[in-house]
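Peer 1: Could you put together the complete structure from these sequences and hints?
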Amino acid sequence: MLQTFFNSISAVLVVMIIMGIGYFMGHKGWMKAEHKPMMYKLIIWIAMPALCVNSIQTNFTRDMFRGAGAFMAVPLLNIALLTVFAALLARLIKLPKKRTGVFVVMCCLSNSIFIGYPMCVELLGEQCVPYVMWYYIFNTVFFQTAGVWLIRRDGITGGSPLEGLKTVIKNPPFIGIMAGIILMALDIKLPSFAMSFTKYLGNMVSPLGLIYSGFIMYETGLGNLKLEKGLPLTMIMRFVISPALCILLCSVFGLSGLARDTFVVEVTMPTMTQVAVQASGLGADERYAAKGATLTTLCMFAVIPILMMIL
Numbered sequence: 031m032l033q034t035f036f037n038s039i040s041a042v043l044v045v046m047i048i049m050g051i052g053y054f055m056g057h058k059g060w061m062k063a064e065h066k067p068m069m070y071k072l073i074i075w076i077a078m079p080a081l082c083v084n085s086i087q088t089n090f091t092r093d094m095f096r097g098a099g100a101f102m103a104v105p106l107l108n109i110a111l112l113t114v115f116a117a118l119l120a121r122l123i124k125l126p127k128k129r130t131g132v133f134v135v136m137c138c139l140s141n142s143i144f145i146g147y148p149m150c151v152e153l154l155g156e157q158c159v160p161y162v163m164w165y166y167i168f169n170t171v172f173f174q175t176a177g178v179w180l181i182r183r184d185g186i187t188g189g190s191p192l193e194g195l196k197t198v199i200k201n202p203p204f205i206g207i208m209a210g211i212i213l214m215a216l217d218i219k220l221p222s223f224a225m226s227f228t229k230y231l232g233n234m235v236s237p238l239g240l241i242y243s244g245f246i247m248y249e250t251g252l253g254n255l256k257l258e259k260g261l262p263l264t265m266i267m268r269f270v271i272s273p274a275l276c277i278l279l280c281s282v283f284g285l286s287g288l289a290r291d292t293f294v295v296e297v298t299m300p301t302m303t304q305v306a307v308q309a310s311g312l313g314a315d316e317r318y319a320a321k322g323a324t325l326t327t328l329c330m331f332a333v334i335p336i337l338m339m340i341l
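Each residue of the sequence shown is one higher than the one before, counting from 31 in the numbering used here.
Hints listed in this document are in silico derivations from the structure and should not be mistaken for laboratory results. Computed from a predicted structure; not experimentally measured. Mixed in with the good hints there might be a few duds.
BS3-like cross-link-like pairs, simulated, lysine-lysine; straight-line CA separation at most 25 Å [stated by the list, open to error]:
1. K259 x K71
2. K128 x K259
3. K66 x K229
Using C-beta positions, here's what the derived DEER-type ranges look like [unchecked claim]:
4. L255 x M69: 15 to 25 Å
5. P262 x L213: 12 to 22 Å
6. L278 x A332: 16 to 26 Å
7. K256 x R92: 45 to 55 Å
8. K259 x P221: 48 to 58 Å
Backbone N, C-alpha and C define an ideal beta-carbon position, used for all residues, glycine too.
Peer 2: Written out as structure tokens, the structure is:
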């Protein structure tokens with residue numbers, strides 16, 4: 031158990047240091063707000079699709095898809111149940127309208143790629159990537175549909191969760207996942223040069239995602255962090271209720287070992303940085319979302335070593 035604790039501390043330190051580079055670059059003025067769209071597109075539009083295709087070609091098998099019921103049920107139910115519970119909590123504590131949807135989304139969805147992917151790889155090894163992809167699919171689909179609708183409902187009016195399906199279908203990582211699945215279903219193996227190409231591009235996801243997240247923390251400003259109404263509950267939802275519920279669901283559906291550990295780590299990640307971006311564009315409380323993302327990121331560094339000892 032002691033070895034597990036030290037290994038998790040080492041993994042957390044690696045993630046912290048790389049995020050610190052993003053914070054430092056913001057502090058020195060080497061990275062600015064106008065650079066974020068370029069980095070985001072590089073990660074999401076280029077590196078992530080390559081990672082998805084390469085990962086499926088390397089780590090997935092047809093047998094994994096034949097028995098995929100539990101892999102789909104656990105993340106889906108975890109997100110859905112957290113959403114219902116968070117919506118009830120938002121009513122109970124009487125959050126302002128512009129913060130209600132943001133609060134619910136922060137409670138039920140995690141930063142599955144920018145922080146979750148590198149954290150899982152550091153803690154569990156490259157073999158966990160297929161399970162990261164499973165969680166990412168449901169996390170992204172839910173965010174782009176119900177999540178964006180909840181945030182929009184608190185800001186500008188109009189729209190429905192179904193409108194978000196168009197965004198999901200056009201989402202480059204989702205396209206990458208679908209392409210990888212089709213290639214696997216047809217038993218088509220990419221040539222070695224294509225595998226090398228996608229591997230090199232996919233390897234950018236972890237460092238760039240962490241640097242991007244570190245810069246977001248710099249933009250928010252550590253000195254501006256305050257435990258406003260709802261934020262302590264957000265941290266309890268992310269770091270206590272979410273992993274506990276995931277462990278229970280994995281037990282119910284018979285998931286154990288690497289699959290269970292990967293899902294539990296993913297659901298214990300900080301809130302999505304994209305929540306603040308959507309809140310800004312849809313008229314909800316952007317600063318509240320940014321504070322939630324920063325606070326949960328900082329708390330994660332203390333929570334993960336404890337979580338790994340429990341697992």
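Peer 1: Decide, hint by hint, whether the structure agrees.
Peer 2: Going through the hints against the structure:
| no. | hint | verdict |
| --- | --- | --- |
| 1 | K259 x K71 | 33 Å, violated |
| 2 | K128 x K259 | 13 Å, holds |
| 3 | K66 x K229 | 23 Å, holds |
| 4 | L255 x M69: 15 to 25 Å | 23 Å, holds |
| 5 | P262 x L213: 12 to 22 Å | 46 Å, violated |
| 6 | L278 x A332: 16 to 26 Å | 23 Å, holds |
| 7 | K256 x R92: 45 to 55 Å | 51 Å, holds |
| 8 | K259 x P221: 48 to 58 Å | 56 Å, holds |
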